[in-house]
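S.K.: Take the given structure of chain Z and dock chain H with the ligands to it, following the hints.
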Amino acid sequence: MIKFALQGLLARKLRTALTAIGVVLGVALISGTYVLTDSITSAFDSIFTQNYKNTDAAITGKNAIDASEDGTVPAPPFDAGLLAKVRGLPQVGAAGGAVSGEAQLIGKDGKSIVFGGAPNLGFSVDPTLPQFNSLTLVSGAWPAGDQVVIDTKTAKEKGFTTGDTIGVQARGAAEKMKISGLVEFGAVSSIGGATLAGFDLGTAQRLFDKTGKLDQILIATKSGTSEQQMLDAVRQILPTATQVRTADEQAKEDAAGTSSFLSFLQTFLLVFGGIALFVGSFVIANSLSITIAQRTREFATLRTLGASRRQILSTVVLEALVTGFVAAVAGLFLGLAIATGLFKLFDAVGFTLPNNGLVFRTRTIVVALIVGVVVTVLASLRPAWRATRVPPIAAVREGATLAPGRLNRYRPVGAALLAAGGIALVLVGLFADGLSTKTLLTLLGAGVLLLFIGIALFSSRLVRPLATVADPIARWSVVVLTALIWPFVLVPLWLVRRLFGRRTEFPGVLPDGPAVAIGGQNSRRDPHRTASTAAALMIGLALVTLVATLGAGLIRPFEQAVDGIFSADYAITAQNNFSPLPPPVAAEVAKVPGVQKVTSVRGGQAKAFGKTITITAVDPQAPELLTFDWRSGSQASLGELGTDGAIVDASYADTHALVLGSRFPMQTATGKTLQLQVKGVFRPPAGGSPFGNVTISTATFDATTSQPLNIYTFVNMSGGVTAANTATLNDALSTFPNAKALTRDEFKKAQTDSIKSILNVLYVLLALSVLVSLFGIVNTLVLTVFERTRELGMLRAIGLTRGQVKKMIRQESVITALIGAVIGIALGLLLASLLAARLDEISFTIPVAQLVIFAVVSVVVGIFAAIWPARRAAKLDPLEALQYE
Amino acid sequence: MEGTVTQVVEVVDAKDLVRVYGEGDTAVHALRGVGVRIEPGQLTAVMGPSGSGKSTLMHILAGLDRPTSGSVKIDGIEITTLGDDALTKLRRQHIGFIFQFFNLLPMLTARDNILLPLTIAGTKPDPEFFDNLVDRVGLADRLEHRPSELSGGQQQRVAIARALVSRPTVVFADEPTGNLDSRTSGEILKLMRSSVDEYGQTTVMVTHDAKAAAMADRVLYLADGEIVKETGRSNQHEILQIIDTLDLQ
Ligand SMILES: Nc1ncnc2c1ncn2[C@@H]1O[C@H](COP(=O)(O)OP(=O)(O)OP(=O)(O)O)[C@@H](O)[C@H]1O
Ligand SMILES: [Mg+2]
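Chains as they are written, first to last, in our numbering: chain Z, 1 to 885; chain H, 1001 to 1249.
Excised from the complex, chain Z in its bound form (with noise of 0.2 Å):
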């Protein structure tokens, strides 16, 4: 049975191929995913561990609070006194101190210089301790006061050497330094792209703002001396605010942020494997059933030799196994690939990720082999029970087919039973409270996957219908289609053909009548094989539209909420339109003459109630540039908040029974405890709220934080916007050139296009189901061209021309392929506005326009997917097929 089922394979190479095909590429997107994040993982580790070589321990000033990494809340610098006090301990060999942050570096060009979204380090060198310096030297000296060491691949692609004058800036405006050398961290060339900026200590403190200070302590323990001894010894002499941790647990610490992030990463890139592969499995039970009713001759003649069910289920099986895992084994190598292909995607949407070479962990080739044997054999039990069904008869009969199986009468029931199933668990996840969000996800995961295959399953009984309807679109799609690449494509290939001496048919536009009908009914036929081939797009296709949805209804009440809130002519943002800007932006932008108006928001975290919360903070201005949704209060309580005064949102001062008057201690990020007293409570728009939970005074929040940085900035100027004004803007803010004075309308653009930039990163995972789910239809229009043969060679006996028949064949798979937008575009509809329902952020708006762009998408996926086949049957002689048996 094992030699005969492989024969099998063998003997439909090309059909298995096709079946495979959907496995390969989910389990090619899960390994690239597994090989993508630990590559970078990789990276990270070897820059955080480089960072302390030579460390034992790592002295570091400690927030009072425990701060999410969201940028706003660095750890506090420390005094600078303590060095001297720890180099004084015996059991300390060696220590230094250094500080960092943020550098801009800027381009001839005066443009600060980017690589993609990465960082742009800053920080101190300390030439006399190299055991604690990360920084190798390429070529040049170390940094002298007021000089600058910068890495070399910024070097090299701005055009920049020992010698040249470089403008940095950093907390304040910028200023000219000489380079007097180029490093790279330790022997990587680039960390992600990150820029890096080397001073010697003294000008890291004036740059970042932190003269007398240190940021960190780099510690090597005497020899001789136990690393406890030195740990006890440090731990004695530690300020408050401070804290000391072993080399290795910091480079922990370091990682937590982008450990967090990778394994975000991960899980979001894993599920667009699995989804991929869901797909995929439709597309394999497909392919099955359709190839085992062709075999119906096949293994009833096995039955009549002697073959038992359970043989001819493991044979159907096994050829399952096999398949499953050449795919697994192919998807796992096309994913080192994808893991190349997704480190150019992120780079292209600016996002530079670390790769210090791929990584391609055990793991990886553990769960895609599982992953891509398993789904195979699941997608094949169904069709293989139903080649358990063919009694031995079916070998004497001409034209035997399956018989419908005993449970088919009951398939519509359990069908729309799934799927209603699969609806509740989603209305059950979103609606219910008190869900985890682990418990939600899994909810609306199982109920979407339940709702899928019950609405495949179920979508048989919509087939005739549908595909009526569907023809006449075809038809005229396909014709639209054909006159827009008309005169660009198929004329140029024509008279290339020509040229060549072959003799080939101008190629017309009208659509062929018959063999536009022939293919239409022929779509009609087996309303299951068109059904299972369709729900594979209908799935890539109910995601995208959900996707498009939810866009939509985010963009919609976001802008609401911007031009409620914001009344000001002008915003100063960072040019990456979301990095908080330091104080000096906005003193800067004040001087401007015809500026009216400046206001500032302070962002950053705080605990109250026991709890980390994000805070903002306001000055005297801000009455008269933005304006709050007020519960209680009024605008003028916002330039009134003074030392103790506080405005919260509702749904906070709901949770915590705040109302106007109640007072609430809240501890600051540096330990300080404000006792705060409620001004105001303000309903934050339903697209979501620029403002912390709490909000208190600019002069309140300077005071208890180390470095403030603004997250948005609002100007008013005399005449609005203008072009000379926005200039004269431009122009203040040379000397600070990561900052950029946006209109109103660039500003709000300039936040949608972020949003739009994730959807764009969504479509591009989601395409690759719709490219299986082509690769679906491929395949169900060769394995069908295989079975009509003999019919295909009628038809061209009677008179149907080569160009017919492709053309029949394309009207099969384009219906198809509307079939699946049509049912997947009202499935996205519905999960979406079940979503809309139930987040305020999202207000349900049709997308129309993306809706005509997805159907004439499917449009072309038919057209495609038709392409092969229908060369097949049009290559096919009409003899040949005539004697096809």
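It should be emphasised that the hints constitute simulated quantities derived from the structure, not laboratory data.
Virtual Cβ for every residue (Gly too), placed ideally from N, Cα, C.
Any given hint could be a false lead.
What the hints assert, rightly or not - Okay, derived cross-link-like pairs now, DSBU-like style, lysine-lysine, Cα gap no bigger than 35 Å in a straight line:
{"hint": "1", "chain 1": "Z", "residue 1": "K806", "chain 2": "H", "residue 2": "K1073"}
{"hint": "2", "chain 1": "Z", "residue 1": "K611", "chain 2": "Z", "residue 2": "K672"}
{"hint": "3", "chain 1": "Z", "residue 1": "K875", "chain 2": "H", "residue 2": "K1211"}
{"hint": "4", "chain 1": "Z", "residue 1": "K806", "chain 2": "H", "residue 2": "K1124"}
{"hint": "5", "chain 1": "H", "residue 1": "K1073", "chain 2": "Z", "residue 2": "K178"}
{"hint": "6", "chain 1": "Z", "residue 1": "K875", "chain 2": "H", "residue 2": "K1089"}
{"hint": "7", "chain 1": "Z", "residue 1": "K597", "chain 2": "Z", "residue 2": "K749"}
{"hint": "8", "chain 1": "Z", "residue 1": "K806", "chain 2": "H", "residue 2": "K1089"}
Said to hold, decoys possible - Beta-carbon label-pair distances, calculated as ranges:
{"hint": "9", "chain 1": "H", "residue 1": "V1020", "chain 2": "Z", "residue 2": "L378", "range": "50 to 56 Å"}
{"hint": "10", "chain 1": "H", "residue 1": "G1200", "chain 2": "Z", "residue 2": "W486", "range": "43 to 49 Å"}
{"hint": "11", "chain 1": "H", "residue 1": "R1146", "chain 2": "Z", "residue 2": "L345", "range": "49 to 55 Å"}
{"hint": "12", "chain 1": "Z", "residue 1": "V860", "chain 2": "H", "residue 2": "H1029", "range": "32 to 38 Å"}
{"hint": "13", "chain 1": "Z", "residue 1": "V860", "chain 2": "H", "residue 2": "G1200", "range": "50 to 56 Å"}
{"hint": "14", "chain 1": "H", "residue 1": "E1144", "chain 2": "Z", "residue 2": "L345", "range": "55 to 61 Å"}
{"hint": "15", "chain 1": "H", "residue 1": "E1144", "chain 2": "Z", "residue 2": "I853", "range": "38 to 44 Å"}
{"hint": "16", "chain 1": "H", "residue 1": "S1050", "chain 2": "Z", "residue 2": "V860", "range": "48 to 54 Å"}
{"hint": "17", "chain 1": "H", "residue 1": "R1146", "chain 2": "Z", "residue 2": "K749", "range": "58 to 64 Å"}
{"hint": "18", "chain 1": "Z", "residue 1": "L378", "chain 2": "H", "residue 2": "S1151", "range": "40 to 46 Å"}
{"hint": "19", "chain 1": "Z", "residue 1": "F864", "chain 2": "H", "residue 2": "P1106", "range": "25 to 31 Å"}
{"hint": "20", "chain 1": "Z", "residue 1": "F864", "chain 2": "H", "residue 2": "T1080", "range": "35 to 41 Å"}
{"hint": "21", "chain 1": "H", "residue 1": "S1069", "chain 2": "Z", "residue 2": "I853", "range": "36 to 42 Å"}
M.R.: Using the frame of chain Z, we list chain H with the ligands on its own:
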């Protein structure tokens, strides 16, 4: 009655047909210089033992296959040099087929199956002729049924009507009764005979069956790729005797 009889040219005129399958040692000479002329309004039967080249000859005459050498003219048009599209269009206009397996499209009704050649060619049926034809083949009450709801004989009637509906210059039938029981075969043969008599439909029929050949106006005997004998209208007995004497079993 159709006036094709008055045409001067032969509807099919084939000369020196040679068809070799394969090359070198394994080459099979299926036809070794066959010449055939088919005159309008006649039913011609082609007989011969299995492997004698009957199907090959018919396929070449019908423009489904190309000879290794030789010429075939249909209605005066040399078809061996035509391109695929031109040949396909010629088949639409001039040639009808009846296959051993009925080769009907399962998703079409009997009516649509019959009309298929016209649909493909994009021409309209002549309603009078269509009704007459359907009556003739006895399918008037079965037109809206799909092939799966028809018996073998009925399916072959649909196939015959499909071959006749476009009134082709010549109809080719390769063992049209090979797949039917003897009673149904008899009915089908009568039907083919009457289409020649009533519509003047030129027909070429490959058959193993002496009873079928006995209905023909002319019988060609093929052996080992050559025409070894030709007779006019003969009865079953005469045909069997010829087969016997020529040792064509
Ligand atoms: N495609 C092919 N390749 C090689 N040889 C072929 C091919 N088709 C036919 N032949 C050979 O050509 C010869 C004539 O075949 P053909 O099918 O014309 O015979 P036939 O008279 O129709 O026989 P039957 O009565 O069995 O249908 C046979 O020897 C056959 O083996
Ligand atoms: Mg034959």
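S.K.: For a quick check of understanding: which of the numbered hints are violated here, in increasing order?
M.R.: Checked against the structure, the hints that fail are numbers 3, 5, 12 and 21, while the rest are satisfied.
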